[in-house]
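Could you build all of it, start to finish, from the sequences and the hints given here?
Protein chains in written order, with the working numbering: chain A, 16 to 183; chain B, 85 to 353.
In short, the hints are calculated from the structure, not lab data. As the structure is a prediction and not an experimental result, all values here were calculated from the model. Some hints could be false.
To be verified - Examples of chain B residues lying across from chain A (beta carbon under 10 Å, computed): (1) 108; (2) 173; (3) 208; (4) 216; (5) 220; (6) 225; (7) 227.
Glycine included, C-beta positions come from ideal geometry on N, C-alpha and C.
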Amino acid sequence: MVMADIRVIEIQNLTKRFGSLTVLEDVSIDVKRGENLVVFGRSGQGKSVLLKCLAGLLTPDNGKIFIKGQNILDLSLKELNKIRKNIGFLFQGAALYDSMTVRENLSFPLKRNQPDISSKQVDEKVKHTLELVSLEEAINKMPSELSGGMKKRIGLARSIITDPELMF
Amino acid sequence: MKLPQHRYGRRLSIADYFYNFFATITGLTIFNYEFVKQAFLPPYEISEIKKHMDELGVKTFGIVSITGFIIGLVLTMQSQPVMARFGATDFLPGMVAISVVRELGPVITALIFAGRVSSGIGAELGSMRVTEQIDAMEVTAVNPFKFLVVTRIIATTMILPVLSVYVIVIAIIGGFLAIVLTESMHFTYYINSVITSVQFGDFIPGVAKTFVFGYIVGIVGCYKGFTAEGGTEGVGRASTTSVVLSSLLILIFDMVLVKVSLWLWPTLG
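Below, the structure is given as structure tokens:
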């Protein structure tokens with residue numbers, strides 16, 4: 016079996032309801048390593064709900080979600096967090112931490128998930144990631160000082176700074 | 085952690101009010117359990133606790149200073165004519181000190197703290213909830229309950245007793261100023277009267293209950309903010325209900341704790 020055939024995400028018969036409203040019904044998707052999958056649809060059709068189920072933020076009513084062979088619905092929080100460390104999640108509204116500067120927003124996941132990392136390495140990584148989204152000058156700004164587009168790019172920078180294997 | 089959700093967005097029936105009441109009680113109980121479970125497990129987030137203590141202290145320092153001073157001043161001004169009628173002006177410093185140490189200092193500080201801090205925590209966490217910042221934290225494998233809730237509750241529990249002691253001191257100074265405005269009393273005499281009147285048994289229950297009040301302010305603000313829903317309207321609701329509920333709980337617990345302290349220190353009665 017070649018690497019490209021390894022299924023990193025396997026969704027089996029996923030169903031999610033909010034009260035009487037069924038948002039996802041019997042959804043099954045496979046994503047292989049290196050594959051880009053686009054889910055599109057009208058507003059309110061459950062695209063975000065699907066991603067939140069994948070990240071373990073919402074618990075589905077039915078079905079199974081395998082990430083790298085592990086059913087995340089059967090995992091303890093500690094085990095789920097190990098998987099989450101390999102996930103980059105870009106929220107629709109960027110979800111930047113209001114009380115932190117851009118530098119702190121970016122260094123937060125790094126420092127939390129790699130406790131042994133030095134301050135110098137964190138600083139270099141933050142600057143490099145900001146260069147990737149062309150926002151080096153925003154490093155000391157607060158989220159309230161950024162435009163909508165800048166927030167999005169900083170949100171993207173924060174989600175890729177840990178070099179995740181999976182991007183949602 | 086699954087918490088009971090409120091049903092907003094439509095006119096509430098009597099059944100809804102009962103539902104909301106029991107949902108809040110259940111939610112707070114679960115929140116308390118979760119706090120106790122997580123507070124003693126590493127990581128302890130000491131720097132976050134220090135940061136919150138610092139912020140909360142600075143935020144409330146000015147307002148509690150003014151309030152403490154006015155409490156002492158007004159209490160003395162109101163009591164002075166009555167005490168003079170019975171020829172008991174000499175007991176005024178002791179009366180003011182005991183009132184402030186046992187009850188007024190801790191309770192008024194706690195109520196102001198609730199108004200200033202509980203609403204702030206409710207609004208801050210509520211805003212983080214509705215803008216998905218808490219979800220973002222969870223996705224980065226950080227425990228938001230530990231990082232946002234536990235640290236704030238510990239900070240409010242630790243800082244309120246400090247503020248209460250400070251308010252007690254300021255109120256006693258306010259009391260002295262009220263006396264010297266109308267009578268000639270030396271500061272040394274005033275302080276000696278205060279020290280001889282206030283016993284250890286007066287001081288300990290008064291300050292000890294502020295730990296409980298601080299905990300109430302923290303847990304209610306965090307609970308309301310952490311479980312907020314419904315956009316900016318939900319944030320406003322979290323902020324308002326935090327103040328109302330924490331003030332109410334402070335007064336209820338004060339009643340219980342006064343009874344407990346009288347049971348533990350019967351000489352106080």
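Practice task
Any hints from earlier that this structure breaks? Give me their numbers in increasing order, please.
Solution key: Violated hints: 1 and 2; rest satisfied.
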